[in-house]
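Take 1 as the starting number for the sequence shown in this note's numbering and just add one per residue.
The reader is advised that the hints may include incorrect statements.
Listed next, with one range per pair, are the computed distances between beta-carbon atoms [said to hold, decoys possible]: (1) F321 - V285: 29 to 39 Å; (2) G319 - T118: 18 to 28 Å; (3) R453 - T274: 32 to 42 Å.
Below, computed lysine-lysine pairings styled on DSSO-like, alpha-carbon distance capped at 27 Å [what the hints assert, rightly or not]: (4) K298 - K240; (5) K217 - K298; (6) K87 - K454; (7) K240 - K17; (8) K87 - K437; (9) K437 - K217; (10) K87 - K240; (11) K303 - K17; (12) K240 - K303; (13) K240 - K21; (14) K87 - K21; (15) K87 - K17; (16) K87 - K303; (17) K217 - K17; (18) K21 - K454; (19) K437 - K298; (20) K454 - K240; (21) K298 - K87.
Note that these hints are calculated values from the structure, not bench results. Idealized CB from N, CA, C, for every residue including glycine.
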Amino acid sequence: MEERAPKLQTAAPETKKISNKEVLSYFSYGMGQCISFGLVGTYIMYFYTDILGISAMAASVIFIIARTFDAANDPLMASIIDTKRSKHGKFRQYLLYMPFFIFFITIIAFLPLNLNPTAAVIFAGATYILWGVFYTVSDVPFWSMSAVMSQNPQERTKLVTYANLGVFVGIGIPTLLFTPLAEFLGGGSLNDGFFYAVILLSLCMLPLMYIGFRNTKERVEPPKEKVRIRDALKIVKGNKPMFIMLATFFCNVFVNITLTLNIYFFTYNLGNATLMAAFGIISLVACVGFFFIPMLTKHFFKKHILMTVLIIDIVVRIGFFLSGYSNTIVVLSFLTVTMILYTATGPLISAMLAETIELTEVRTGQRSEAVTFSGQTFTGKLSVAIAGGATGVILTVINYTPNEAQTESTLTGLFFVIALLPALGSLIRLVLMYFYKYTEHDFNDAVAELQSRKYQEE
């Protein structure tokens, strides 16, 4: 597809603007849901190794098996979601009851049971897989809502921007509060207060997610034909831009590795586990970058904005690694800049992925929002799982020993991963963007084609 000059607003379809109340409610659901994601993504490895007593390699195997299961489960769940409707709509129905399932499975997954090694691995594997299933049935409809709340590209960009903001704030809440809360509840012991902190933070999810259900509305009417599983395969096969964006989204794996290792880095390299709270503040501050995205997309292609952010990230991370970790203030400063750059990629990728839905409908006659966003959910969970698996391997390779002082080579290995590994992800994303040719103009052409077909049918 040929890239034309970025006169981005002239051809956009005219639709009613989404109210601030609805946008903030959509943000609220993402924030509530990602409190669970933040707890599991950031602390489950530490829980497995230092509380449940599972080896790092065994935990890695659990993550790999769970995501293999998801490889079959996510497309199946998406196909089911794309065929079911209720009085609440196609996707809102899941926003009503899934918060309760996520709430309970999150708490169960962190139960500090006194089990033998085999039973501990079985318990961890079963609860982690079940958490993934429930999260899919919440996350796919949540992201799919952005495609049915509006068909205007700027409104969609605003929606996914605030959705991504909710994701990062939700993940940032446990990052900010969990360690000091657990130590307070445990009388100074992180491990003793671990489970109680999980319960308290999980309780925050329910009202936030209910607001998201209560105040959002589906407006774009999907085709009446039901989507079968074999249709989903056809949809995925025929959409190269979607493939590229999912691959780009998957590259989150490199940052996810660092997020999992942060608690080890702060504990052993910097000698202060409570710096996780400082990193939580950094994560929340970094979200300021979100607010510039809708403004920039009015004037520039999302692809070009994303490529610029990636280049800057590579340069900054090289500087971070060369500076070392002896000065805590310098480390936190670099972490702030890299997090701002990382968070800015989220809404761009989600908005570009959402725009491929109309391309699918033009080519196949089926919108299949759930199939498209199940790809994002699957690759997101896959990146977290591979990050968890890779973390176990990394900890083993660098000779990490739980609850003991680490060797200099172990500390150096931790710092290398934290500072420099995500630059590889940015480099891969740059290559992927070179092959991405589906611009905003092509999206507007697809919307115009669909509207023309609709008028002809009437």
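Each hint, compared with the structure:
| no. | hint | result |
| --- | --- | --- |
| 1 | F321 - V285: 29 to 39 Å | 22 Å, violated |
| 2 | G319 - T118: 18 to 28 Å | 47 Å, violated |
| 3 | R453 - T274: 32 to 42 Å | 58 Å, violated |
| 4 | K298 - K240 | 25 Å, holds |
| 5 | K217 - K298 | 25 Å, holds |
| 6 | K87 - K454 | 24 Å, holds |
| 7 | K240 - K17 | 30 Å, violated |
| 8 | K87 - K437 | 39 Å, violated |
| 9 | K437 - K217 | 32 Å, violated |
| 10 | K87 - K240 | 34 Å, violated |
| 11 | K303 - K17 | 24 Å, holds |
| 12 | K240 - K303 | 15 Å, holds |
| 13 | K240 - K21 | 35 Å, violated |
| 14 | K87 - K21 | 22 Å, holds |
| 15 | K87 - K17 | 24 Å, holds |
| 16 | K87 - K303 | 38 Å, violated |
| 17 | K217 - K17 | 12 Å, holds |
| 18 | K21 - K454 | 30 Å, violated |
| 19 | K437 - K298 | 18 Å, holds |
| 20 | K454 - K240 | 25 Å, holds |
| 21 | K298 - K87 | 36 Å, violated |
Of the hints listed earlier, those the structure fails to meet are numbers 1, 2, 3, 7, 8, 9, 10, 13, 16, 18, 21, in rising order.
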